[in-house]
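Visitor: Now for the letters of each chain:
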Amino acid sequence: MFMKQTKVWLVLTIALSLLAFASACSKTETTESGPATPKATGKTPPSDGGTVSGTIAYNGAAPAPKKIDTSADPVCGQKNPNLSTEDNAVTNGKLANVFVYIKDGAAADGTKVDGYAWTAPSAPAALDQNGCHYRPHVLGMMTGQKLSITNSDPTQHNIHPTPKNNPEWNQTQPNGAPPIEKTFARSEVLIPVKCNQHPWMKAYIGVLKHPLFAVSAEDGSFTIKGVPAGTYTIAAWHEGGATGTEKTMQVTVAANGTAKADFAFGEAPVASGNSGLQMMPALDVPMMGRH
Amino acid sequence: MADSSEANESLVKKEPEVPAQDPIVSRSTSGIMLICALLLTASLAWSLYDEAFGQRPWKGMQQQFVSRYTKYLKSIKTQAGKTEAEVKESPEYQALEAEAQSAEERVKPDIAEIEHRVVKTQSELDAVTEPFQNQRGKLTVINYNVEIAAGRAKDKYRKQAQEKRAEVVDVDLPSAEDSGKTITQKVNYDQLEKLFNDLREEKAKLLGQKAELLKESTELRKKREAYLKHHMTGLGPVQIDGLVKKMEQFDYSILPHQISVNEFNIVDRCEVCHAGIREPLDLRAEDLAPGGPGKKPDSLARAFVSHPNREILQIHTPDRFGCASCHWGNGRATTSDEKGHGRHKFWLWPMFEKENTEAGCQQCHAKDRVTQGADTLNLGRDLFAQRGCMGCHRYEGFDHETDALGAARQSISQLEDQITGNQKQIRLDENPSEGSSDEEAQKMLAQSEALKVTNSILAARIDQLNLQSKYLMQDQKKVGPNLKDVRLKLRKEWVPVWLSNPQGFRPGTKMPTFWRFATPADNGLPPMRDKDGEEQIQAIAAYLWQDGFDGRLPQQQRGDTAHGKDLFETRGCLGCHSIGDEDNKIGGTFAANLQKVGEKANFDYIVRWIHNPRERWAPYCPKERRDLTEEDYKKHSLPYVFDTELHSRCPNDGAELQVQNMTVMPNFRLSETDARDIATYLFSLSSPPQYDAASFMDSPELREKGHTLIKQYGCAGCHEIKGFEDEQRIGKELTVEGATPIERLDFALLTKKAEEGSDPLNLHKEEKEKPWYNHKGFFEHKITEPSIYDQGKEKDPKDRLRMPQPFLTPEWRNALTTFLLGSVGAEGSNVPQSLFFNPQDTRRQDIQNGWWVIKKYNCMGCHQVQVGQRSVVQDLPFYQTPEGKDLLPPRLSSEGARVDPSWLLKFLHDPSLSGEKNAAQNAAINSAAQSASQTTTGANAKPAGGLNGNAGGTPAPPGATGGHLKAQPGLDRNGVRPYLKFRMPTFNFSPNELQTLVRFFMAMSGQQEPYIKEPLQPLSEQEKLVARQMFTSGTPCLKCHITGEATHDAKAIAPNFLLASERLKPEWTFRWLLDPSQISPGTAMPSGLFRKDGERWVINLPNPPASANEYHDDHARLLVRYMMLLNPDEQRRLLATAPVAPPAAAPPAQKAQVRTKSRGGETTLNRARRTKRPTLVENRGVRTIARPAGM
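Residue numbers (my numbering), protein chains in the order written: chain A, 1 to 291; chain B, 1 to 1191.
For the record, the hints were derived by calculation from the structure and aren't laboratory data. Some clues are possibly wrong.
[Stated by the list, open to error] Mimicking DSSO-like on lysine-lysine, the simulated pairs with C-alpha atoms at most 30 Å apart in a straight line are: (1) B/LYS223 to A/LYS209; (2) B/LYS634 to B/LYS623; (3) B/LYS245 to B/LYS77; (4) B/LYS108 to A/LYS164; (5) A/LYS146 to B/LYS585; (6) B/LYS164 to B/LYS210; (7) B/LYS1092 to A/LYS146; (8) B/LYS181 to B/LYS205; (9) B/LYS510 to A/LYS146; (10) A/LYS103 to B/LYS194; (11) B/LYS765 to B/LYS752; (12) A/LYS260 to A/LYS209; (13) B/LYS186 to B/LYS108; (14) A/LYS66 to B/LYS1013; (15) B/LYS74 to B/LYS205; (16) B/LYS88 to A/LYS43; (17) B/LYS798 to A/LYS164; (18) B/LYS88 to B/LYS565; (19) B/LYS108 to B/LYS138; (20) A/LYS182 to B/LYS223; (21) B/LYS215 to B/LYS156; (22) B/LYS120 to B/LYS194; (23) A/LYS146 to B/LYS885; (24) B/LYS793 to B/LYS776; (25) B/LYS295 to A/LYS112; (26) B/LYS229 to B/LYS510; (27) A/LYS67 to B/LYS565; (28) B/LYS229 to A/LYS146; (29) B/LYS82 to A/LYS209; (30) B/LYS596 to B/LYS510; (31) A/LYS43 to B/LYS108; (32) B/LYS981 to A/LYS164; (33) B/LYS765 to B/LYS596; (34) A/LYS146 to B/LYS752; (35) B/LYS732 to B/LYS722; (36) A/LYS182 to B/LYS793; (37) B/LYS623 to A/LYS164.
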């Protein structure tokens, strides 16, 4: 027993001392280099970025907007007698208020879409409360960009975003009060905004680290400009339910080229059941030649 | 040579013949010597080596640590510099910097001026100092001479002194204009002294002025440094350099790294090797890898990490507690990690495994129900209580009501005996024998008098004990359902099905498996009770069936499934219960999964249960040891009414009765229709299969056998069973189970396997097999497969281990094992008892006591009681939307600061705040006495005092629904938040528990006890006017808060202000008004209603009402006072002036209760509610999206 233990110790200590010695030796060899930390800033986005555009369709009959009972705050009814729900803004089978953005992917040289040194626009993103609605209903902005919130109504509102990754706040804004300015530090798609006094009032803010996003217009169209050439996952988000619905597809964008991405919400058409894997043949011709 | 010696052979005396092979002469010993010498040298070398290294393996480790840590520190230094630079670039820092600099700039000329003057004064002072000191020295000498001289000599010296004082000396003062020239002044001593003192004063004054001028910039510079310090994450380069330096001076020995606490005889040397434990950095194993930071770590790197829980180290500082106190192991051993960790066969208390670390907490925190930060241990305690372990095993503190009740009853009977004995003595004393003297008789009379008084004192004590036992009976709960109700509740054929395999019917249920043949056979264990198992099940089923209550329940029709589903999901059922199969389960694990209720239960019973689970079929009299019947009450001409309030005593003997079901499930104050709808929904989830007929359940022989078996298996530990009301726990007490010496844990025939590390249960599949002959191994195997230690034993069936097999997940198994390992009591503890957590201050005691009640009723299923804790309902899928978050029950983390304790007491007693309980009971009594058709329950549910306009409602007349359930006090209303679908149920707490809860909330918020309200200054008419205007025109408070006006309240989302004066504390309300989201993040009440104007808060409006502008006191405080003094008259007045008056055209608001009246013709409201569409119909919409302002 004793011998065994001793042996163990002997081996151990020799090993240890060797180890210590080895490390002492190796210490002298290593030079003061420090771990290479990747630059946080990233490279400048190219000036020859391409464009992604498309249309958002709505299949089937959309639920008709419902009139809102404004008796809790008659001021709303006076200013906006036709106040109605706006979760499905469909005109001629096209869907507005869909947030389309580059979700993932990389440029041809491997730079991730978040890896560029995007700078947030100095002009603030604007959110107005007008006729007891948030205007616009869906809004995109960049991290660090200022959000300026105004109240054009003759009544009091409170702006209450409920983000998951950013701090939550709930700020009152009486009529005639100066704009409230806020920023969001982290990207989040999308942050629901409510007003507790007017529970029908909703807005959604998409916050991204890059400016490659758009909100579909009344005719369902959208355009994202300045996309560095590369292959990306593009996502379209539409409100509804707890987290909304998001559809994605792959697009390849050439330098100065144009790629197309059409989405459809509503009743799923039989053909495209698996939206995520759908490849869009939306390639620009010159680019085909180059590859 | 040889010849001659032979020749002399005969002549010379024969020398003793030298053997040819003389070992001494002929053989050289040098070889042996050499070997010996080598051995000696080797052993010397070895002993030296062992002394230096063998016994000190830590030396190498320390060297390793120092080299690796230094390398790591250097690697992070560049990063640290960067963060510092980043902070310095931030606009806030820049602003502070600029401010500090400008302040410095501003005073710069003044400072320069002062400094110049200081220099000048100093040079003058320098010039004066020497002559002055010279003169003063000389004078001192002369004065000394005066003192020691005698007679006339004194006068001579005095004269000399006078001459000296008058003597004129030259002083070379520097000239005014820094030319280096000097002006010579001639001064005598007094002038010189004055000059000197003046100059000194001047200098001090100048320096003072300078400091005063610099004050601002110094303060600002301090602020700037503080900003840098607070905003730099991690350490700055200076601190890191300090650490590197510390490593350079590292002392490679034991003593400086040893923790020694003389007071408690603690000596721990863990930090000799674990050198990084208390470093001010979060050191991970990767940081200290042998190949450099970020490389693959080895075992040494893992040993060098910093303590994973710094917060705990701050509370339990190692300088006071050491390490082994919590972690166990052998804190003094330094020769190997095996010894240090106590994993040596001669060390009885090895270090806790990583997953059981929190067992160490239990040693000192054995009285806690909840220990902050010990999640595994808390889970273990939860399981011990909730899963019914405490039904069979006593554990100090758990289920204390049952113990206390037993003790109280015993004391009562002892006191009663004492009283009877005294009475006997009194009779004797008052009738003394004939032969006794007057003196003796008087003495005896005095004694009898004393005994009478004693008896009255004893009687008073019995009263108190009776009251206590009443409360204890009210609070006493059983883990399982009341089995006296089986006939009323269950399908007969289902009972044996359940008994044979509860986990098969309801996976994960609390009911453990008693008969092993019913467990899946794939664990390789021989079935143990298969022979007689079937018969045992039949016998127990027969007893339960034949000894259950019999009677007719009010018959119920099926109701509305969709509405029932909505109620089930929104009223709060899911805080405790779960619903759904296997993987689709949602809800809590505190109570049963209700997916298959329909397969086992009687619909009528379930409706009655949901309506009021506490409603008992018949009261139980502990004195007579039987359930009372209507006959017992009739005999005394009493109505057959029993409840905890006024009718809790036995009509026969006045003993306190058990008048309610011993379940923790509260009363949700649902209408009978709603209860029926919920039951209908639950029954719609499954379709009952056909079970085998069970005619044996009526056999009297089997019943007899069942009686014995129920006793043997201890069923009454968790269930109420007729004939077993006073049954004791059958298991071993576990309070100090972890301290049982290992040799007294009976591994039986598995001892060898345990020592060898062969595990029949294969509990740790992912790890390599290791010996489990230790406490952890024993507990783990025992609770996983309780019959395991019967394996291979020849035992009579009745002597076999009786513990049934509980349902356990690996996480639960570990939690329970942790709990048991730490259950060592004072004797087995590794910590002196004086260090146990045994708070002496009432605040912490109140918190400690409160947790038992909070956990008992699962308050945390619905509420966030603590900061950071998540409730069960919070994570339900329905409450993930922004609207859903508004519908959650209120957060209670600041409850004690928010509410008046006496109000809280009232609210917890009756959360409907209806204050009509007695009326309801009277109605119930009357109707029961008449035993005719019941009076309408509508009489009991009048709205109370107009507090909540939409409360009250009219319940259905019983005739229309066919229900005969008892009237429900406070039917269908929430006392504070009528707009919530969640309902704070009535728990029927005893005064004991009410008190504990109120004190708990007050203590959690650090409130003074008792609470004495600060008097509020009455409002002047002017102030009333201002407040009214602010209330209505400025911040439209009344838009969201309930006013008592039905149309308006249908859309209100916050409590009525009339509640404020009784409910809220003014200080809290003030803080709430300023920034509600600080108190309750996510609340509907917005921030920014007030802004700071100097020292006061004013209303934050661009165009405040004129009266507010003229009011120069704090606006927020004015509003608080106004709220606190608000009365209904004032509120009406307020409403009349409000611009947001509800328009007359608005559709009348609908109340939930209204539907019960009009079941035939459904309102649009009801229809809308039942169709589960994502978008909400206008009218409902507002109410549904409503959010409590959380007041």
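Visitor: With reference to the structure, classify each hint as holding or not holding.
Guide: Against the structure, the hints:
no.	hint	in the structure
1	B/LYS223 to A/LYS209	violated, 33 Å
2	B/LYS634 to B/LYS623	holds, 19 Å
3	B/LYS245 to B/LYS77	holds, 13 Å
4	B/LYS108 to A/LYS164	violated, 51 Å
5	A/LYS146 to B/LYS585	violated, 43 Å
6	B/LYS164 to B/LYS210	violated, 39 Å
7	B/LYS1092 to A/LYS146	holds, 24 Å
8	B/LYS181 to B/LYS205	holds, 26 Å
9	B/LYS510 to A/LYS146	violated, 55 Å
10	A/LYS103 to B/LYS194	violated, 85 Å
11	B/LYS765 to B/LYS752	holds, 20 Å
12	A/LYS260 to A/LYS209	holds, 23 Å
13	B/LYS186 to B/LYS108	violated, 38 Å
14	A/LYS66 to B/LYS1013	violated, 50 Å
15	B/LYS74 to B/LYS205	violated, 49 Å
16	B/LYS88 to A/LYS43	holds, 25 Å
17	B/LYS798 to A/LYS164	violated, 59 Å
18	B/LYS88 to B/LYS565	violated, 58 Å
19	B/LYS108 to B/LYS138	violated, 44 Å
20	A/LYS182 to B/LYS223	holds, 26 Å
21	B/LYS215 to B/LYS156	violated, 56 Å
22	B/LYS120 to B/LYS194	holds, 18 Å
23	A/LYS146 to B/LYS885	holds, 27 Å
24	B/LYS793 to B/LYS776	holds, 23 Å
25	B/LYS295 to A/LYS112	holds, 26 Å
26	B/LYS229 to B/LYS510	violated, 53 Å
27	A/LYS67 to B/LYS565	holds, 28 Å
28	B/LYS229 to A/LYS146	holds, 28 Å
29	B/LYS82 to A/LYS209	holds, 23 Å
30	B/LYS596 to B/LYS510	holds, 15 Å
31	A/LYS43 to B/LYS108	violated, 46 Å
32	B/LYS981 to A/LYS164	holds, 25 Å
33	B/LYS765 to B/LYS596	violated, 33 Å
34	A/LYS146 to B/LYS752	violated, 71 Å
35	B/LYS732 to B/LYS722	holds, 24 Å
36	A/LYS182 to B/LYS793	violated, 74 Å
37	B/LYS623 to A/LYS164	violated, 59 Å
In terms of the numbered hints stated before, the structure departs from hints 1, 4, 5, 6, 9, 10, 13, 14, 15, 17, 18, 19, 21, 26, 31, 33, 34, 36, 37, listed from lowest to highest.
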